[in-house]
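Asker: Chains as they are written, first to last, in the numbering used here: chain C, 1 to 116; chain X, 1 to 111.
No lab work stands behind these hints, which were simulated from the structure alone.
Please note: incorrect hints may appear among the correct ones.
Computed Cβ-Cβ distance ranges for the label pairs, DEER-style [unchecked claim]: (1) X:TYR71 with C:HIS85: 40 to 48 angstroms; (2) C:PRO40 with X:LYS67: 33 to 41 angstroms; (3) C:THR17 with X:THR108: 32 to 40 angstroms; (4) C:THR82 with X:LYS42: 24 to 32 angstroms; (5) X:ASN53 with C:THR80: 40 to 48 angstroms.
No more than 20 angstroms apart at the CA atoms, straight line, and that leaves these computed lysine to any residue pairs for SDA-like [unchecked claim]: (6) X:LYS2 with C:GLN42; (7) X:LYS42 with C:PHE39; (8) X:LYS42 with C:VAL11; (9) X:LYS56 with C:GLU104; (10) C:LYS41 with X:ASN7; (11) C:LYS41 with X:ASP83; (12) X:LYS42 with C:SER43; (13) X:LYS42 with C:GLN6; (14) C:LYS41 with X:SER8; (15) X:LYS42 with C:VAL3; (16) X:LYS2 with C:LEU46; (17) X:LYS2 with C:GLU59; (18) X:LYS2 with C:GLN60; (19) C:LYS55 with C:THR75; (20) C:LYS41 with X:THR108; (21) C:LYS41 with X:PRO10; (22) X:LYS42 with C:ASP88; (23) X:LYS67 with C:GLU104; (24) C:LYS41 with X:SER84; (25) C:LYS41 with X:SER40; (26) C:LYS41 with X:TYR39; (27) X:LYS42 with C:PHE91; (28) X:LYS42 with C:GLU104; (29) C:LYS41 with X:LEU11; (30) X:LYS42 with C:ARG112; (31) C:LYS41 with X:SER82; (32) X:LYS67 with C:ARG102; (33) C:LYS41 with X:LYS2; (34) X:LYS42 with C:SER89.
From a predicted model like this one, the values you see are computed outputs, not experimental measurements.
We put the CB at the ideal spot given by N, CA and C, even for glycine.
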Amino acid sequence: GAVVSQHPSWVICKSGTSVKIECRSLDFQATTMFWYRQFPKQSLMLMATSNEGSKATYEQGVEKDKFLINHASLTLSTLTVTSAHPEDSSFYICSAPRDRVRNEQFFGPGTRLTVL
Amino acid sequence: QKEVEQNSGPLSVPEGAIASLNCTYSDRGSQSFFWYRQYSGKSPELIMSIYSNGDKEDGRFTAQLNKASQYVSLLIRDSQPSDSATYLCAVNMNNNNDMRFGAGTRLTVKP
Numbered sequence: 001g002a003v004v005s006q007h008p009s010w011v012i013c014k015s016g017t018s019v020k021i022e023c024r025s026l027d028f029q030a031t032t033m034f035w036y037r038q039f040p041k042q043s044l045m046l047m048a049t050s051n052e053g054s055k056a057t058y059e060q061g062v063e064k065d066k067f068l069i070n071h072a073s074l075t076l077s078t079l080t081v082t083s084a085h086p087e088d089s090s091f092y093i094c095s096a097p098r099d100r101v102r103n104e105q106f107f108g109p110g111t112r113l114t115v116l
Numbered sequence: 001q002k003e004v005e006q007n008s009g010p011l012s013v014p015e016g017a018i019a020s021l022n023c024t025y026s027d028r029g030s031q032s033f034f035w036y037r038q039y040s041g042k043s044p045e046l047i048m049s050i051y052s053n054g055d056k057e058d059g060r061f062t063a064q065l066n067k068a069s070q071y072v073s074l075l076i077r078d079s080q081p082s083d084s085a086t087y088l089c090a091v092n093m094n095n096n097n098d099m100r101f102g103a104g105t106r107l108t109v110k111p
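Just chain X, same shape as in the assembly (with noise of 0.2 angstroms):
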């Protein structure tokens, strides 16, 4: 079983639905959990962290997670084509800075 792992799409949404990007991990033990977006040919960007049980919300942007699923998700509202890129979602294992990451979920916004 992989560390962290994501469907890796391509996910479609049409111009101002909601995506939903999940991601699943190993680890039961890790406290700590982060979406990055990459847009193709730059380097990931942080756009959510998220510590705790429950959804975090920052503008379009809602995580959620579930530690006793060993889930997290990330929801995008209002989807723009700016939002298409690949979304990688990472897990901190045993809080010390062992970041591991998924393979990335595409996602693909038309307008």
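Bound conformation, chain C alone (with noise of 0.2 angstroms):
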């Protein structure tokens, strides 16, 4: 099956700080990315889509300025939380479709953060 990598797997980060979790396919291309978030024993919600070369498309009630999306190339999406909270600590995953055929999303393994 296709493979999506994030990286990192894991962050511990002080309150106030950015992080940066990078989301790349590394056998396909894809112009759009999506970005979830989970937390424990939650079901997945959609954040964010990305988009490449253009502006990401945000769920309701998702703040775009504190969640920074970029999608600078095929394989490659980027989303920055910023002056990260502690309510910020969840799973965030992101996925990519592999074709538009098919529709198959393919998930990275997920970046657990953890806001102190």
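Both chains come to you apart, so use the hints to assemble them.
Answerer: Here it is, written out as structure tokens:
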């Protein structure tokens, strides 16, 4: 299957700092990638759609100035959590569709963020 | 009405039994349907995709789709303890990569 990687796999940071998470499609190009957040024992929540070469599309209630998304190439999207607070602690997961016909989305392994 | 609905469970079956997971969706125009498995602390893993009415089998897994009833299911035959996970139903709305996920059904297979 397709491979999507994320880095880092986990990060601990102090409140007020910014954290950047990378999402890469390793064996296919992705003009679109998706960022999800998942709190413990809750379902996936779509945060935003990352579009290569254009602005991201954010879901209602997600602050675009707090969660900065950059999709600079066909294989890389980054999510920066700015001025992180303890309530931002969560499991952040990206996904990418390999082709537009089958629409199968492949998930990265996720990044566990803990804000102290 | 939620776009994709699943019974949250938990669903518990004995080892060797058939586990049946169900999902309904609201958008009648949806064309692509997926089942993901998510182990605790891990990200979702695609296990089945189905695009046309009927059954699709892959090993111990069978996906069933009924577009008229807006219903998709996943059967797991000969369930194993390693199948214990949360199963997410996903529906691609409008065929444009707009994927919507159900809340997931937690399955426990008891030895």
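Asker: Against this structure, judge whether each hint is valid.
Answerer: So, going through the hints one by one against the coordinates:
1. Against the hinted window of 40 to 48 angstroms, the Cβ-Cβ separation of TYR71 (chain X) and HIS85 (chain C) comes to about 41 angstroms, which satisfies the hint.
2. Judged by the Cβ atoms, the range 33 to 41 angstroms given for PRO40 (chain C) and LYS67 (chain X) holds: they are separated by roughly 35 angstroms.
3. In this structure, THR17 (chain C) and THR108 (chain X) meet the distance hint of 32 to 40 angstroms, their C-beta atoms being roughly 39 angstroms apart.
4. Look at THR82 (chain C) against LYS42 (chain X): about 27 angstroms separates their beta carbons, and that is inside 24 to 32 angstroms.
5. At roughly 43 angstroms, the beta carbons of ASN53 (chain X) and THR80 (chain C) sit within the given window of 40 to 48 angstroms.
6. Restraint check: the Cα-Cα separation between LYS2 (chain X) and GLN42 (chain C) comes to about 16 angstroms, which is no more than 20 angstroms; the hinted pair holds.
7. Between the alpha carbons of LYS42 (chain X) and PHE39 (chain C) the distance comes to roughly 12 angstroms, so the proposed pair stays at or under 20 angstroms and holds.
8. Proximity of LYS42 (chain X) to VAL11 (chain C) is assessed by CA-CA distance (about 15 angstroms); at most 20 angstroms being required, the pair is judged to hold.
9. Of the pairs offered as hints, the one joining LYS56 (chain X) and GLU104 (chain C) holds, with about 16 angstroms between alpha carbons and a cut-off of 20 angstroms not exceeded.
10. Annotation: proposed proximity of LYS41 (chain C) to ASN7 (chain X) holds, straight-line Cα distance about 15 angstroms (limit 20 angstroms).
11. This hinted pair checks out: LYS41 (chain C) and ASP83 (chain X) have alpha carbons roughly 18 angstroms apart, not beyond 20 angstroms.
12. The straight-line distance between the Cα atoms of LYS42 (chain X) and SER43 (chain C) is roughly 13 angstroms, inside the 20 angstroms bound, and the hint therefore holds.
13. For the proposed pair LYS42 (chain X) and GLN6 (chain C), the alpha carbon gap of about 12 angstroms is at most 20 angstroms, so the pair holds.
14. The hinted pair formed by LYS41 (chain C) and SER8 (chain X) meets the criterion: a straight-line CA distance of about 11 angstroms does not exceed 20 angstroms.
15. Note on LYS42 (chain X) and VAL3 (chain C): the hinted pairing holds, with a Cα-Cα distance of about 15 angstroms set against a maximum of 20 angstroms.
16. Between LYS2 (chain X) and LEU46 (chain C), the direct Cα distance comes to roughly 14 angstroms. Compliance with the 20 angstroms bound is thereby established for this hinted pair.
17. A C-alpha spacing of about 16 angstroms is found between LYS2 (chain X) and GLU59 (chain C), which places the hinted pair at or below 20 angstroms, so the restraint holds.
18. A hinted pair counts as satisfied when its Cα atoms are at most 20 angstroms apart, and LYS2 (chain X) with GLN60 (chain C) qualifies at roughly 16 angstroms.
19. A threshold of 20 angstroms between alpha carbons decides the hint, and for LYS55 (chain C) with THR75 (chain C) the separation of about 16 angstroms falls inside it, so the pair holds.
20. As the CA atoms of LYS41 (chain C) and THR108 (chain X) are separated by approximately 15 angstroms, the hinted pair is consistent with the 20 angstroms bound.
21. Between LYS41 (chain C) and PRO10 (chain X), the direct Cα distance comes to roughly 12 angstroms. Compliance with the 20 angstroms bound is thereby established for this hinted pair.
22. Distance check on the hinted pair: LYS42 (chain X) and ASP88 (chain C) sit about 18 angstroms apart at the alpha-carbon level, within 20 angstroms; holds.
23. Between LYS67 (chain X) and GLU104 (chain C) the CA atoms are separated by roughly 19 angstroms; this keeps the pair inside 20 angstroms, and the hint holds.
24. Annotation: proposed proximity of LYS41 (chain C) to SER84 (chain X) holds, straight-line Cα distance about 15 angstroms (limit 20 angstroms).
25. With a C-alpha separation of about 9 angstroms, the suggested pair LYS41 (chain C) and SER40 (chain X) falls inside the 20 angstroms cut-off, and the hint holds.
26. Using a Cα cut-off of 20 angstroms, the hinted pair LYS41 (chain C) and TYR39 (chain X) holds, with the two alpha carbons roughly 11 angstroms apart.
27. In summary, the hint linking LYS42 (chain X) to PHE91 (chain C) is supported, as the alpha carbons are separated by about 9 angstroms, within the 20 angstroms threshold.
28. In summary, the hint linking LYS42 (chain X) to GLU104 (chain C) is supported, as the alpha carbons are separated by about 18 angstroms, within the 20 angstroms threshold.
29. Restraint check for LYS41 (chain C) and LEU11 (chain X): the C-alpha separation of about 15 angstroms stays at or below 20 angstroms, so the hint holds.
30. The hinted pair formed by LYS42 (chain X) and ARG112 (chain C) meets the criterion: a straight-line CA distance of about 10 angstroms does not exceed 20 angstroms.
31. For the hint linking LYS41 (chain C) to SER82 (chain X), the alpha-carbon distance of about 19 angstroms falls within 20 angstroms, and the restraint holds.
32. With a CA separation close to 17 angstroms, the supplied pair LYS67 (chain X) and ARG102 (chain C) stays within the 20 angstroms bound.
33. Annotation: proposed proximity of LYS41 (chain C) to LYS2 (chain X) holds, straight-line Cα distance about 19 angstroms (limit 20 angstroms).
34. With a C-alpha separation of about 16 angstroms, the suggested pair LYS42 (chain X) and SER89 (chain C) falls inside the 20 angstroms cut-off, and the hint holds.
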